[in-house]
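J.: Next come the chains, spelled out residue by residue.
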Amino acid sequence: MTKQPVTLTVNDQEYQLLVSPTKTLLDVLRDKLGLTGTKRGCDSGECGSCTVLADGIPILSCMTLAVEAEGKNIRTIEGVAKGGEFHRLQKAFVEKGAIQCGFCTPGMILSAVALLESNPSPTPEEIKKGISGNFCRCTGYVKIIEAIGSVAK
Amino acid sequence: MKQRDLRSEYSVVGRGVPRVDGWAKVTGDAIYSADVYLKGMLRGKILRSPHPHARIVHIDTSRARRLTGVRAVVTGADTPGVKYAQRMKTKVPDKAPLAIDKVRYIGDEVAAVAADDVDVAEEALDLIRVDYDVLPAVYDPFEAMKPGAPQIHEHAPGNIAWSRLFQWGRLVDELLEECEVVVEDSFKTQGQVHAYMEPNCSVATWDQNGNVTVWATTQGPHTHKEEIVIALGLPENKVRVITPNLGGGFGGKRHVVEPSIAAILLSKMSGRPVKIEYTRVEEFTAARHRHPMNIKLRIGAKKNGRLIFFDAQNIVDNGAYNDSGPSITLYAGHALTTNYRVEGVRYDPKLVYTNTAYGGAYRGYGNLQMRFALESMLDILAERLEMDSAELRMMNAVEENDVLVCKSRVTSCGLRECIDEVVRSSNWSEKRKNSSGKLRGVGISCHEYVCGVRWHYPHDSSSAHVRIDEDGSVKLFTGTVDIGQGSDTTLCQIVAEVLGVDMSQINIYKADTELTPLDLGTYGSRVTFIAGNATKIAATEARNQLAEVIAEELDTSPESIEFRNNRVQKAGAPETGFSFREAAKLALNKKGLTIMGRGSYDPPSDIVDFDKGEGKFNATYSFGAQIAEVEVDPVTGRVNLEKIYSAVDCGFAINPLSLEGQCHGSISHAQGMALFERPLFHDGKVLTPSFLDYHIPTSMETPDVDNIFVETIDPDGPYGAKGVCEGYQVPTAPAIINAIYNATGVRIKELPVNPEEVLRGLAEHPRESKGDRNDETTGNADCE
Numbered sequence: 013m014t015k016q017p018v019t020l021t022v023n024d025q026e027y028q029l030l031v032s033p034t035k036t037l038l039d040v041l042r043d044k045l046g047l048t049g050t051k052r053g054c055d056s057g058e059c060g061s062c063t064v065l066a067d068g069i070p071i072l073s074c075m076t077l078a079v080e081a082e083g084k085n086i087r088t089i090e091g092v093a094k095g096g097e098f099h100r101l102q103k104a105f106v107e108k109g110a111i112q113c114g115f116c117t118p119g120m121i122l123s124a125v126a127l128l129e130s131n132p133s134p135t136p137e138e139i140k141k142g143i144s145g146n147f148c149r150c151t152g153y154v155k156i157i158e159a160i161g162s163v164a165k
Numbered sequence: 020m021k022q023r024d025l026r027s028e029y030s031v032v033g034r035g036v037p038r039v040d041g042w043a044k045v046t047g048d049a050i051y052s053a054d055v056y057l058k059g060m061l062r063g064k065i066l067r068s069p070h071p072h073a074r075i076v077h078i079d080t081s082r083a084r085r086l087t088g089v090r091a092v093v094t095g096a097d098t099p100g101v102k103y104a105q106r107m108k109t110k111v112p113d114k115a116p117l118a119i120d121k122v123r124y125i126g127d128e129v130a131a132v133a134a135d136d137v138d139v140a141e142e143a144l145d146l147i148r149v150d151y152d153v154l155p156a157v158y159d160p161f162e163a164m165k166p167g168a169p170q171i172h173e174h175a176p177g178n179i180a181w182s183r184l185f186q187w188g189r190l191v192d193e194l195l196e197e198c199e200v201v202v203e204d205s206f207k208t209q210g211q212v213h214a215y216m217e218p219n220c221s222v223a224t225w226d227q228n229g230n231v232t233v234w235a236t237t238q239g240p241h242t243h244k245e246e247i248v249i250a251l252g253l254p255e256n257k258v259r260v261i262t263p264n265l266g267g268g269f270g271g272k273r274h275v276v277e278p279s280i281a282a283i284l285l286s287k288m289s290g291r292p293v294k295i296e297y298t299r300v301e302e303f304t305a306a307r308h309r310h311p312m313n314i315k316l317r318i319g320a321k322k323n324g325r326l327i328f329f330d331a332q333n334i335v336d337n338g339a340y341n342d343s344g345p346s347i348t349l350y351a352g353h354a355l356t357t358n359y360r361v362e363g364v365r366y367d368p369k370l371v372y373t374n375t376a377y378g379g380a381y382r383g384y385g386n387l388q389m390r391f392a393l394e395s396m397l398d399i400l401a402e403r404l405e406m407d408s409a410e411l412r413m414m415n416a417v418e419e420n421d422v423l424v425c426k427s428r429v430t431s432c433g434l435r436e437c438i439d440e441v442v443r444s445s446n447w448s449e450k451r452k453n454s455s456g457k458l459r460g461v462g463i464s465c466h467e468y469v470c471g472v473r474w475h476y477p478h479d480s481s482s483a484h485v486r487i488d489e490d491g492s493v494k495l496f497t498g499t500v501d502i503g504q505g506s507d508t509t510l511c512q513i514v515a516e517v518l519g520v521d522m523s524q525i526n527i528y529k530a531d532t533e534l535t536p537l538d539l540g541t542y543g544s545r546v547t548f549i550a551g552n553a554t555k556i557a558a559t560e561a562r563n564q565l566a567e568v569i570a571e572e573l574d575t576s577p578e579s580i581e582f583r584n585n586r587v588q589k590a591g592a593p594e595t596g597f598s599f600r601e602a603a604k605l606a607l608n609k610k611g612l613t614i615m616g617r618g619s620y621d622p623p624s625d626i627v628d629f630d631k632g633e634g635k636f637n638a639t640y641s642f643g644a645q646i647a648e649v650e651v652d653p654v655t656g657r658v659n660l661e662k663i664y665s666a667v668d669c670g671f672a673i674n675p676l677s678l679e680g681q682c683h684g685s686i687s688h689a690q691g692m693a694l695f696e697r698p699l700f701h702d703g704k705v706l707t708p709s710f711l712d713y714h715i716p717t718s719m720e721t722p723d724v725d726n727i728f729v730e731t732i733d734p735d736g737p738y739g740a741k742g743v744c745e746g747y748q749v750p751t752a753p754a755i756i757n758a759i760y761n762a763t764g765v766r767i768k769e770l771p772v773n774p775e776e777v778l779r780g781l782a783e784h785p786r787e788s789k790g791d792r793n794d795e796t797t798g799n800a801d802c803e
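Just so you know, the sequences run in chain order V and Z.
Under this note's numbering, residues 13 to 165 are what the first sequence spells out, in order.
Under this note's numbering, residues 20 to 803 are what the second sequence spells out, in order.
Think of the hints as simulated: they come from the structure by calculation, not from any bench.
Among the hints, erroneous ones may be present.
In the DSBU-like style, the derived pairs of lysine-lysine whose C-alpha atoms are separated by at most 35 Å in a straight line are [unchecked claim]:
(1) Lys165/V <-> Lys84/V
(2) Lys121/Z <-> Lys315/Z
(3) Lys257/Z <-> Lys44/V
(4) Lys662/Z <-> Lys140/V
(5) Lys450/Z <-> Lys141/V
(6) Lys604/Z <-> Lys494/Z
(7) Lys457/Z <-> Lys140/V
(8) Lys207/Z <-> Lys140/V
(9) Lys102/Z <-> Lys704/Z
(10) Lys44/V <-> Lys58/Z
(11) Lys140/V <-> Lys450/Z
(12) Lys141/V <-> Lys704/Z
(13) Lys35/V <-> Lys287/Z
(14) Lys103/V <-> Lys494/Z
(15) Lys44/V <-> Lys287/Z
These figures come from a predicted structure and were not determined experimentally.
With the rest of the complex left out, here is chain V (with noise of 0.2 Å):
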């Protein structure tokens, strides 16, 4: 298939890229832009495990096309930090014990980003609502919510 130039902006940072039209944005991101902090659960929407944010906004890199985050500020788990600052969600993921495994924390960690930045005191429910799209198999979810709650206003 014909590819066909693409401009993306990831972390700030702009990328003119070719590629084929039914390329996802996790497939450009990991293999064209070595950005593999993005993981790949399922391939198919459902584990939440390649959660970025467009805009603000999580969207499943899996489910969009890398044709259609054009014009989009793509954030991924490396462009979470900011000047050599860790996110404050980052040092609670880590002192709250809310990390096992770790390959779902990057996509956990960005749905929690959006969630505050939506709403910066959630109640507990609120926190469960807001990463029920991502699976994590190793936590049980516990120290996870616990973490977001710690940092939540």
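Assemble chain Z onto chain V, guided by the hints.
T.: Here is chain Z on its own, set in the frame of chain V:
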């Protein structure tokens, strides 16, 4: 029990320090197998059988080879044709990496393709023409044992993959005379899917000198390498297996070697690195799952509640191949020998081949399935005896120094304390009365679990190296894989404690068969106990080497040198010594020494006699008790798990933060198994190959958890610690099932709970008041 608080004596172990790999995992820096990208790397895909049972007549790969972008196609003809299996005395190797003669389930590996791109590889799979002679198939283990059933393997008449009759202690037929009450029932468990978030992946290179390197999602790179060497007939010194970060395993990544073997063959043929990533559909259909078991269990007891015997039959659905089937089947029986004092146990298992996807190791390893039957039956017995369920367990609980009927000795045991703790923390007696007016209830279950097991190999060893460089940095080399449970952190804590340095000074290098010492892998709750001991020995040896140098410098004996607060000094005289970094420099400058400690630990256990199943094939056991609190919706029959009260005898909690996480995660898996996870099949085809079809717990179903550590300080454990991560999952499902009975009077005997069955049960036996039920039916005669 020797309970004492040792935390004050230690500075690093016993504390919930954050994970050493935490920062890499929250930034995306952590590299997993699928994150390995090599120059010129191709993408591989595996062609799988569409038939549950068929003979391969001919494979034509010519069209696939001609497709632009295809670089290699391999079939069984490109392999040495050696069948492999985990090395174990009971086990017949029955699996070829790519089918040679027959396919035995929908998903069996037939061929593999490497191409420039995944899309091209997938297109090429469609161009491979396989002529099958389709054979009759059988999907149910009871059908498979019948005369005239299709024969799946030539070596297994009647499709029996493995069977034995075990008699532990006194004979059940004799003990029957002594019993005042006998209860009997049947239970069934489903084929739970591991559903780790990271799909299996292998990246392999075969260079022009025949050196093979594989980055693979495995819980044990050393045993993964062994399986590759056997299957491909390669020289051992030419194969290197590396496990980067692993995205969960739960047993499921113990033996999935097929993608590695295919990637190696494709790399050899193409001369390029090859990556094979499993899709989630492949995970659901062609990886592994928990062996479904059909258990018939009889318990004999005295009227006062003293248990006399357990007698179990177990028909285990192996699926198409062995994997860990025999050892899981044996270990299921062992669960009957370890928690409760009995005079005798009879165990009559049959592991049966069927034309379905095959089972493998899964957290709980058979013990969990049997525990569901046993702990359900204990509640049935308690009701028959009009006894409190917790009291019945307490009365029969094993204790330290007990010699079990399987001839293993218990070296440390906090089971009774665990029962006490959960009964207290849950307010058991009050809640058990069920006076809320709602369909709420509580149920209890106990468990035991091994810490390592000596049955796959003559040894059960792990090794570690600890190097102290002249800059004062400490390097730990371990073959252990941290599959998420936190062993990297625990092992670094042990090193920091021994050397009296900060955690930040320690770097861990792991899971590389060329660079890190032997470790059998992460399974059987062996890592803290065995790799932890090996690490402690290695760190102690490094410390002793450095102490000798410093003692000479301070003109004192090595025994009087202490390591604390990043200093090496004469005990009690901090002004005398050196910073740790200065000490390391001294060793080099004065003696030319790089400090290097080596540690190996092989626990005090026996090799399993697989015909008798007797002996002490593990050094120690963890124990625990859990109480589940549920509420049942009277309209839908749906069960809500509200809370789990857990107490576990972990020996000593080296990292309480990690351990709590293990508790929560285990409960979540077990909650899924008890309430949601229902794999469906039709004629060998998996009908639930996605997370939309197969419901694992989400954040919305998270129960509250109250977790208590009982620390018995095991005599052989590092700092008294035992492994607990696997056992934690064992008691939850039966505790939930017993709670449902307490809430509704409906006894669930098949997992997962079907809400319709709950409703049916409620309609048949409407509850008037809770607490004084005597309507349990068990379908057996007492022998009073």
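J.: Lys457/Z and Lys140/V were given as a pair; does the straight-line alpha-carbon distance stay at or below 35 Å?
T.: 25 Å, holds
J.: Hinted pair, alpha-carbon criterion (35 Å max): Lys662/Z, Lys140/V. Please report holds or violated.
T.: The hint holds at about 16 Å.
J.: Lys207/Z and Lys140/V: Cα distance at most 35 Å?
T.: Holds: Lys207/Z and Lys140/V sit about 32 Å apart, inside 35 Å.
J.: Compare the distance between the alpha carbons of Lys141/V and Lys704/Z with 35 Å, and conclude whether the hinted pair is satisfied.
T.: 34 Å, holds
J.: Are the Cα atoms of Lys121/Z and Lys315/Z separated by 35 Å or less?
T.: Roughly 34 Å between the alpha carbons, so the hint for Lys121/Z and Lys315/Z holds.
J.: Is it true that the CA of Lys44/V sits at most 35 Å from the CA of Lys58/Z?
T.: 13 Å, holds
J.: Is Lys257/Z within 35 Å of Lys44/V, Cα to Cα?
T.: 32 Å, holds
J.: With the threshold set at 35 Å, check whether the alpha-carbon distance from Lys44/V to Lys287/Z stays at or below it.
T.: The hint holds at about 26 Å.
J.: Measure nothing beyond the straight line between the CA atoms of Lys140/V and Lys450/Z; if it is 35 Å or shorter, mark the hint as holding.
T.: 27 Å, holds
J.: Can you confirm whether the C-alpha distance between Lys103/V and Lys494/Z stays at or below 35 Å?
T.: Holds. Lys103/V to Lys494/Z sits at ~25 Å (cutoff 35 Å).
J.: Holds or violated: Lys102/Z with Lys704/Z, Cα cutoff 35 Å?
T.: 24 Å, holds
J.: Sort out whether Lys287/Z lies within 35 Å of Lys35/V, counting only the CA atoms.
T.: With Cα atoms ~29 Å apart, Lys35/V and Lys287/Z stay inside 35 Å; holds.
Comparing the model with each numbered hint stated earlier shows that all of them hold.
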